[in-house]
Each structure stands twice: as C-alpha cells, then as structure tokens.
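**Q** These protein sequence lines are chains B and V, in that order.
With our numbering, the residue at position 9 of the first sequence is 9, and numbering never jumps.
Offset between the second sequence (1-based) and our numbering: plus 372.
Any given hint might turn out to be false.
Listed next, with one range per pair, are the computed distances between beta-carbon atoms [unchecked claim]:
no., chain 1, residue 1, chain 2, residue 2, range
1, V, G411, B, Y274, 50 to 58 angstroms
2, V, Y460, B, T93, 31 to 39 angstroms
3, V, Y675, B, T93, 22 to 30 angstroms
4, V, F485, B, D172, 52 to 60 angstroms
5, B, D66, V, I533, 20 to 28 angstroms
6, B, G64, V, A454, 33 to 41 angstroms
7, B, K135, V, F477, 34 to 42 angstroms
8, B, D169, V, G411, 32 to 40 angstroms
9, B, T93, V, F485, 39 to 47 angstroms
Because the hints were derived from the structure by calculation, they are not lab data.
All C-beta atoms in this analysis are idealised placements derived from N, C-alpha and C, irrespective of residue type, glycine included.
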Amino acid sequence: MAFNATYFDGNSSKSHSVEIYPNYSSWRISFSDSILPKQDINWQVNDIKKSEVYTKDIVVFTYGKDFPFQRIESADIDFIDYINNSNNDLLSTKVDVVLHKSVGRSILILVFAIIAFAIGMYFYVIPTIAVGFAKNLPSKSVISFGDYVYRTLSPTLTIDNKQSEKLQDFVDALTIQSEFPIDIKVATSDDLNAFALSGGKIVVFSSLLEKIQNENQLAALIGHEISHIENRHVLKSVSRNLSSAIFISIIFGDVNGVTAILGENAHLFSQLSYSRSLEKEADIFGLELLRNNNLDLHGMPELFQILKDESLVDIPAYLSNHPILQDRIQYTSEIAETQKSFTENTLLKEKWVLLKKELQQNIEEQKTEIDE
Amino acid sequence: MEVISGLKTEKKKFSYFGKGSEFAVIYLKNIVLTVLTIGLYYPWAKVELLKYHYQSTALDQNRFTFHGTGKEVFRGFIKLYAVIVVLYALVLYALQTQNTVVLGFAMATFYLFFILLIPFAIHGAARYRASRSSWKGIYFKYLGDRMELFWKCVTGALLTIVTLGLYGSWFSVDIRKYVISHLRFGNLSFDFKGKGETLFWINLKFVFLFYLTLGIYSFWYFKELWSFYADNTEITQDGKKVNFRFTMQPGDIFELMIVNFFLIAFTFGLATPWVAVRTFKFIFRFLEIEEGLDTDSIQQVKYDNYDDAAGDDFLDILDIDLV
Chain B
1 MAFNATYFDG NSSKSHSVEI YPNYSSWRIS FSDSILPKQD INWQVNDIKK
51 SEVYTKDIVV FTYGKDFPFQ RIESADIDFI DYINNSNNDL LSTKVDVVLH
101 KSVGRSILIL VFAIIAFAIG MYFYVIPTIA VGFAKNLPSK SVISFGDYVY
151 RTLSPTLTID NKQSEKLQDF VDALTIQSEF PIDIKVATSD DLNAFALSGG
201 KIVVFSSLLE KIQNENQLAA LIGHEISHIE NRHVLKSVSR NLSSAIFISI
251 IFGDVNGVTA ILGENAHLFS QLSYSRSLEK EADIFGLELL RNNNLDLHGM
301 PELFQILKDE SLVDIPAYLS NHPILQDRIQ YTSEIAETQK SFTENTLLKE
351 KWVLLKKELQ QNIEEQKTEI DE
Chain V
373 MEVISGLKTE KKKFSYFGKG SEFAVIYLKN IVLTVLTIGL YYPWAKVELL
423 KYHYQSTALD QNRFTFHGTG KEVFRGFIKL YAVIVVLYAL VLYALQTQNT
473 VVLGFAMATF YLFFILLIPF AIHGAARYRA SRSSWKGIYF KYLGDRMELF
523 WKCVTGALLT IVTLGLYGSW FSVDIRKYVI SHLRFGNLSF DFKGKGETLF
573 WINLKFVFLF YLTLGIYSFW YFKELWSFYA DNTEITQDGK KVNFRFTMQP
623 GDIFELMIVN FFLIAFTFGL ATPWVAVRTF KFIFRFLEIE EGLDTDSIQQ
673 VKYDNYDDAA GDDFLDILDI DLV
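Looking at chain B on its own, in the form it has when it is part of the complex:
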C-alpha cells in the first residue's frame, strides 16, 4: 500500500514527490522524483504531528522533535481515507471525521445545539442565577435598592402623612419577625392598590384602605405585603424579569444597556405582578401573621371578597384575575376554618379605631370641600 505525497525536508523549500508506505508504528517515505537515487526515510508514528484541523481534500503532517521539521502534504484520496479511518489519535481526530462525514446534518445539529443552549440559558439558567442573586444580596443593599426605587416613584405618589402615621402605629403594634424595618405609607389614589418595595417599604392606596372594614382585613393585607418583602419577592421578580433583558444586552455587547434597563423599569415596580406560587406563599405568610397576632384569619378571605366585589365594577391593577381571586378566597377560608379560639387583640383594635377615625375625618373633609 503506497500513497502519493509531497515532501519537504525542512532545510529548503524544494518539493519532492514521494511515496508513503505507512505501517502501524512507522511510515516509510520513498523518493520517486530524484534523478539520483535518494535513500528512504522513516517517520516514527509517535513523533508525527497532525495539523489539528480538518480540510477535506488535503492532509498535512510535520515530523521531528528538533528544528528543522520535515513536512508532508498529500491530496491522495486513498491516503486521506487511510488517515480518516485510522484509530490513532496522533494521526486523525475522530470527532472531526464524524462531523465532516455528513456536513449538512452536522450543521443542523450544531445550530440546534446552539439554539437549545441559548434557550436553556434564557429560560432557566439566567433566571435561576438572578433569583439566587436576589436571595443572597445583603440586607443593606436590598434596603438601598428599595430606597432608590421609592425615590424614583415618589414624585408620582401623593403621600398622606397623617394617615401614614396612624397606619404605621398599627403596623408597629403587630408582632412581626422581619429582616427589614417596615415603613408603611398611605398614598391618595382612586386605584384599589397596595404594593411592597424591597427593603421594607409598603404603599397602600387610600381608596383600598377606605374599603377595609376591620383590623383583621387590614392585618391580612399588611401581612401579605410583608411576605413579599420578607421573601424578597420584589427583587426576585425584578431580577427574573430583567435578567433576560440583561442577558440579551450582554450577548449583543451592549453593557450600557444594563443600567438603562433598571432605570427605564422603575415605573413597573408599583404594578409588579407575581407568579401564582409567590402570591400563595404571601397569602399563607399573611395568615400566619394573623394567627400570631390573635386576629381572625377570616380577615384574609374577606379582603379578597372586597377586592372581588370591587373589581366587578372597575378592574383594579391589583389582582385583577377573578378565577384566581375566587381560588384564593377558597383556600384562605379553608385555612381560616381551622383556627381555634383566641383572645382578642385589644391593642390592634384600638389602633384600628384610631386609623378609621382619621379616615372618616378625611372623607368628611373631602365631602365638605366638594359641597363648598
């Protein structure tokens, strides 16, 4: 078995036509073009260096431990076949041979692999990393992030200081085990809404507060929002939502886009919608808070009933989905039924009465203003 090739001795660029007689452990190279007979050369297979790249129509090898290196180039199809079928890693790379056997199929598989990888990154890896990041961010940073968002939002909010103070009194009277100090505000608005920001800020809109009939319902609402804060739902959702956008801007090399994304999305923080599982987690947490404070667990389903009734008239931004709301009334009621007898929390009742008085006064003031 002899194959045709071109040989270079490494000392000069003169090309020699040669015949190669490959063996398992060595190649014999015999000169076919010399006018003067030249002696055969032996290449030990262990010292042969392949070119480490696949080109279909040519194989190239260099040889020798010390400079100058000898070289062989061959376009002999039989030799190329011999190399491609060789099991010796020193001569051919199996993966490349397989990949180049059916080029079209390989391209399809590789493109598919790249797309699958990108999708996996986009929908699974990146959000998981983002949520992990949100979970492990130090409290100090969470608080300053919340403050930043609140500062951005505050120009759009009309805070009622008197009501806020009374509501804060109510919150302070609650027994809460919280990583973050809770700072609650009442904002004048017709929207039936309340939202929590990272690091302890809660904003309740006045119209929602007016609809609430007792301390149990109020504590249910607050407990629910505190859960969002405690479990870092805001940060997790934001990281998850923005991680993909951030990932895309990194892929396209637009790192400046990352800061822009955060800035542009500040307005969304007041209308964040959480996944069903996060909402449920918050509901359960809220019920737990009611129980720990000797309040009636029925406050929670009652709160949802109020929202449901109201949303028939006007769909609020806060929990607009009826079936979900119905579902939540159901499971919170079931949990509420399990509550055993408890001693009434008079302190909270007192605080609630004070707050309600303030609310009543406010409504009357508004009425007289309108009358005048």
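Since the structure of chain B is provided, determine the placement of chain V on it from the hints.
**A** Chain V only, in chain B's frame:
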C-alpha cells in the same frame, strides 16, 4: 526575466480552497464548545479557525500551516487578564476613595497603560504569528526590536495628535514598513516601499469623494488602498526583488461587499462562515507574486521558537488584526 530551466520562477498565484459548509462545521463546533465552557475554550477555537484558513490557502500548489496551539493562546490570555484585573482593581480602588484627583489619576493610568501596550502587542503578535507560520516547511520570523517599535509608535502618535490627524497616513506607513521590513521567510526578506504621502492622497480623495458620490467611491477607495499595500510589498531573494500584485477591480469589491452584506443581513448572521470563506476566496484570487521568485530554492534559517501569544491576544481583544 532570466530564463533558466529548472527554476520555478513564473508568476505565483494564491488560491483559497476553503468550503463554506466545511468551515461552518468547524465554526459552529467551536461556538458550541466556547459557550459550553463559558468562554474558556475560546483560545482553542481561535487557533482551529486560524489553522483552517492557513491550511486552505495555497501558493504554488502548497498549503500554509499555522503551528500555534490553544495552550499558547490560553497562556497569553491569562497574562493579559492578569494585567487587566490589576488595572481594573486600581480604578475600582480609586472609585472607592471618592477623590476626584485620585480617580482622574487612576483613569489616566488605565487608558495610558492600555494605549502604551499596543506597540508591545504589535511586536508580540508579529513575532508569535510569524514564528508559528510555515509554507513548504519554511518558517516565517519577525526580527523587529520591541523598544524601537515602541518609540516609533509614541512619536508617531504624538505627531498625529499635534497635526490633528494629518500625520496619520505617514504614521501608519511607517509602522507597516517597520514590521514588514523585519519579517523573514527562510532566507527571503520583505520590504514595504509605500510612501506616507501616497496613502495621504488616497485617504484625502476618499474623504472628498465619499460624500460627493454618496459612498459609492468606497469601492475605488478599497481597491486603491489594498493595491497600495500589496503592490508596495517587496520580496528579496538573493538580492533580487519581486513585488506582490493585487489585481482586484472596484467592480469585484462591489460584488464581494454587497453579497456579503445581504448574506449576513438575511440570515441573521448564520451565514458568517460562508461569508468568511467567500471573502478569503475573493482576496486570494486577486493576490499574486510577480515572476522572478524561485519558490523551490528558499533556504531555512534559524528558528524563532516564540510561544508568547499575549500580544496576539491583546490585538484580538482590541479587534485589530495584523496584515
């Protein structure tokens, strides 16, 4: 031309034998490996793509070979990142002090250092690429002096700034001449004979005609520019000089660029490997060496075993390519 029988001194043509689909397999395989390793595989990917282009390029029926390894390129990146990390640490430290003077000093150091690294990177890249390139078993070699190139770059850059960019053409020619004239291929040497003023006029014409012709002049500009680079590059063999020739016409450049543009635009970049192959095919089809070079009698000289790829990597990061 002296006709001596047995000498291979006819006109030498380059040709590129790469195939789009074949290169696509290699290109995509390397993307997969690079993303799976969060970028760690990049040096090996870079080397394999280079090897492919080299091995697909023939002159006088023989292929070029790139002998670099992923390991060398990887080590280069490690060195480079060490420097970059130190520079970033300096800037981060300065940011923390909240002192504008310290911050200004740190930023200045950062940028200055980055810019001053460029001549060393050019030196390193030229030396690494040359020592890792061969044809017909003969190796290239770069004999330039690091500091000489550095001072050339510093004075050239300063003059360019002082003249508001006018000196740029002379600067660019000066550096090209330095690098090419210190390049060896076995016992062949090279030189670049282009003049700064020629490049200056080529660029000046471009500035004026580009707007007048709504950009159409670009094709003539590239023809002039590439011909300027190729036609002024000279090979010396045993005292005898021959030139490169670049014979592409503006129409060819138009065809190359327009088709490449549409290929990329309509396939969302998927055609990148085909475009790369097409471009190499085009360029090498029009590149030749005048008659007179005897490609069978080039003698090997001492080997420059330079395995430091950091300079090459730095130019890679800055997206500058030699040649």
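**Q** Next, verify each hint and record whether it holds.
**A** Do the hints match the structure? See the list:
| no. | hint | in the structure |
| --- | --- | --- |
| 1 | V:G411 to B:Y274: 50 to 58 angstroms | violated (34 angstroms) |
| 2 | V:Y460 to B:T93: 31 to 39 angstroms | holds (38 angstroms) |
| 3 | V:Y675 to B:T93: 22 to 30 angstroms | holds (26 angstroms) |
| 4 | V:F485 to B:D172: 52 to 60 angstroms | holds (56 angstroms) |
| 5 | B:D66 to V:I533: 20 to 28 angstroms | violated (48 angstroms) |
| 6 | B:G64 to V:A454: 33 to 41 angstroms | holds (34 angstroms) |
| 7 | B:K135 to V:F477: 34 to 42 angstroms | holds (39 angstroms) |
| 8 | B:D169 to V:G411: 32 to 40 angstroms | violated (55 angstroms) |
| 9 | B:T93 to V:F485: 39 to 47 angstroms | holds (40 angstroms) |
Checked against the numbered hints given earlier, this structure breaks hints 1, 5 and 8; the rest are met.
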